[in-house]
Amino acid sequence: NAGVTQTPKFQVLKTGQSMTLQCAQDMNHNSMYWYRQDPGMGLRLIYYSASEGTTDKGEVPNGYNVSRLNKREFSLRLESAAPSQTSVYFCASSEMSQYFGPGTRLTVT
Amino acid sequence: QKEVEQDPGPLSVPEGAIVSLNCTYSNSAFQYFMWYRQYSRKGPELLMYTYSSGNKEDGRFTAQVDKSSKYISLFIRDSQPSDSATYLCAMRRESSGDKLTFGTGTRLAVRP
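Here the protein sequences come in this chain order: A and B.
Sequential numbering from 1 applies to the first sequence in the numbering used here.
Sequential numbering from 110 applies to the second sequence in the numbering used here.
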């Protein structure tokens, strides 16, 4: 039982490049989330998916897209990365409480 | 004004001390309250989960909710260096599904 897994762990992008962050959970949870965490700002919700086939914007969705591929997987895509997207990204899934993955450290130069 | 306010610290205490971590909130609709612990360069992990007002104890940790004052606390007894981490409070409404509103976190250092 791995819980929530995220790939990659680290990534460096140049401005304008694209990439997809992958997230998978094996807890059979319906809801999944993507957050970014920046110093002094706490965790900010980017997008969430209440169930397979549905996605909704969170607090800071601009510059991101998501796909809920199936019940297990929820990916986050940066189409054209900007330095302001340098952050640590966490995926979570929930059943009453949220359970987090280990994070992806992204640097955009 | 943020919905959830949390002193960022850092808080530094000697080993064995009792630690008190706090959050205040403005929305009286919050019914479920959580504390997460986040070690450096790791994801947050759920530490305590409480519903409505009252206390909940788990080993050295006690979570307290005072809905009348819109104030929640986490107490750590006999603190250990391994408790050094950032502690985030989180809460949710009955109507918001599992979506959480987080505090910004308090960094705690326990000195040996």
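If you're looking for bench data, these hints aren't it; they were derived computationally from the structure.
Note that the Cβ used here is the ideal one computed from N, Cα and C, for glycine as well.
Just so you know, not all the hints are guaranteed correct.
Claimed, not checked - Dumping the calculated PhoX-like pairs for lysine-lysine here, alpha-carbon to alpha-carbon at most 20 Å:
no. : chain 1 : residue 1 : chain 2 : residue 2
1   : B       : K176      : A       : K57
2   : B       : K179      : B       : K111
3   : B       : K179      : A       : K9
4   : B       : K208      : B       : K111
5   : B       : K165      : B       : K111
6   : B       : K151      : B       : K179
7   : B       : K179      : B       : K165
8   : A       : K57       : A       : K71
9   : A       : K71       : B       : K208
Unchecked claim - Label pairs and their calculated CB-CB ranges:
no. : chain 1 : residue 1 : chain 2 : residue 2 : range
10  : A       : V12       : B       : R186      : 39 to 45 Å
11  : B       : S137      : A       : P102      : 21 to 27 Å
12  : A       : A2        : B       : S149      : 29 to 35 Å
13  : A       : P61       : B       : E124      : 31 to 37 Å
14  : B       : P190      : A       : V88       : 33 to 39 Å
15  : B       : E154      : A       : D56       : 43 to 49 Å
16  : B       : S177      : A       : V12       : 46 to 52 Å
17  : B       : E203      : A       : E52       : 19 to 25 Å
18  : A       : V88       : B       : Q189      : 23 to 29 Å
19  : B       : R169      : A       : P102      : 37 to 43 Å
20  : A       : N30       : B       : E124      : 37 to 43 Å
Now the hints, each set against the structure:
1. A C-alpha spacing of about 29 Å is found between K176 (chain B) and K57 (chain A), which places the hinted pair above 20 Å, so the restraint is violated.
2. A C-alpha spacing of about 13 Å is found between K179 (chain B) and K111 (chain B), which places the hinted pair at or below 20 Å, so the restraint holds.
3. Between K179 (chain B) and K9 (chain A), the direct Cα distance comes to roughly 37 Å. Violation of the 20 Å bound is thereby established for this hinted pair.
4. A threshold of 20 Å between alpha carbons decides the hint, and for K208 (chain B) with K111 (chain B) the separation of about 16 Å falls inside it, so the pair holds.
5. At most 20 Å may separate the alpha-carbon atoms for a hinted pair to count; K165 (chain B) and K111 (chain B) exceed this at roughly 26 Å.
6. Simply put, K151 (chain B) and K179 (chain B) have alpha-carbon atoms about 29 Å apart, too far for the 20 Å limit, and the pair is violated.
7. Pair hint K179 (chain B) plus K165 (chain B) holds up; C-alpha atoms about 17 Å apart against a cutoff of 20 Å.
8. Restraint check: the Cα-Cα separation between K57 (chain A) and K71 (chain A) comes to about 18 Å, which is no more than 20 Å; the hinted pair holds.
9. Using a Cα cut-off of 20 Å, the hinted pair K71 (chain A) and K208 (chain B) holds, with the two alpha carbons roughly 17 Å apart.
10. The hinted window of 39 to 45 Å between V12 (chain A) and R186 (chain B) holds, with their beta carbons roughly 43 Å apart.
11. Separation of S137 (chain B) from P102 (chain A) is about 35 Å and departs from the stated range, judged on CB atoms against 21 to 27 Å.
12. Taken as a hint, the range 29 to 35 Å is violated for the pair A2 (chain A) and S149 (chain B), whose Cβ atoms sit roughly 22 Å apart.
13. Taken as a hint, the range 31 to 37 Å is violated for the pair P61 (chain A) and E124 (chain B), whose Cβ atoms sit roughly 43 Å apart.
14. In this structure, P190 (chain B) and V88 (chain A) break the distance hint of 33 to 39 Å, their C-beta atoms being roughly 24 Å apart.
15. Here the CB-CB span from E154 (chain B) to D56 (chain A) is close to 25 Å, at odds with the stated 43 to 49 Å.
16. Between S177 (chain B) and V12 (chain A) the beta carbons are some 49 Å apart, a value that agrees with the proposed interval 46 to 52 Å.
17. At about 23 Å, the beta-carbon gap between E203 (chain B) and E52 (chain A) stays in the expected band of 19 to 25 Å.
18. Between V88 (chain A) and Q189 (chain B) the CB atoms are about 26 Å apart, so this pair conforms to the stated range of 23 to 29 Å.
19. The supplied range of 37 to 43 Å is broken by R169 (chain B) and P102 (chain A), whose beta-carbon atoms lie about 25 Å from each other.
20. Distance hint for N30 (chain A) and E124 (chain B): a CB-CB separation of about 42 Å, consistent with the stated range 37 to 43 Å.
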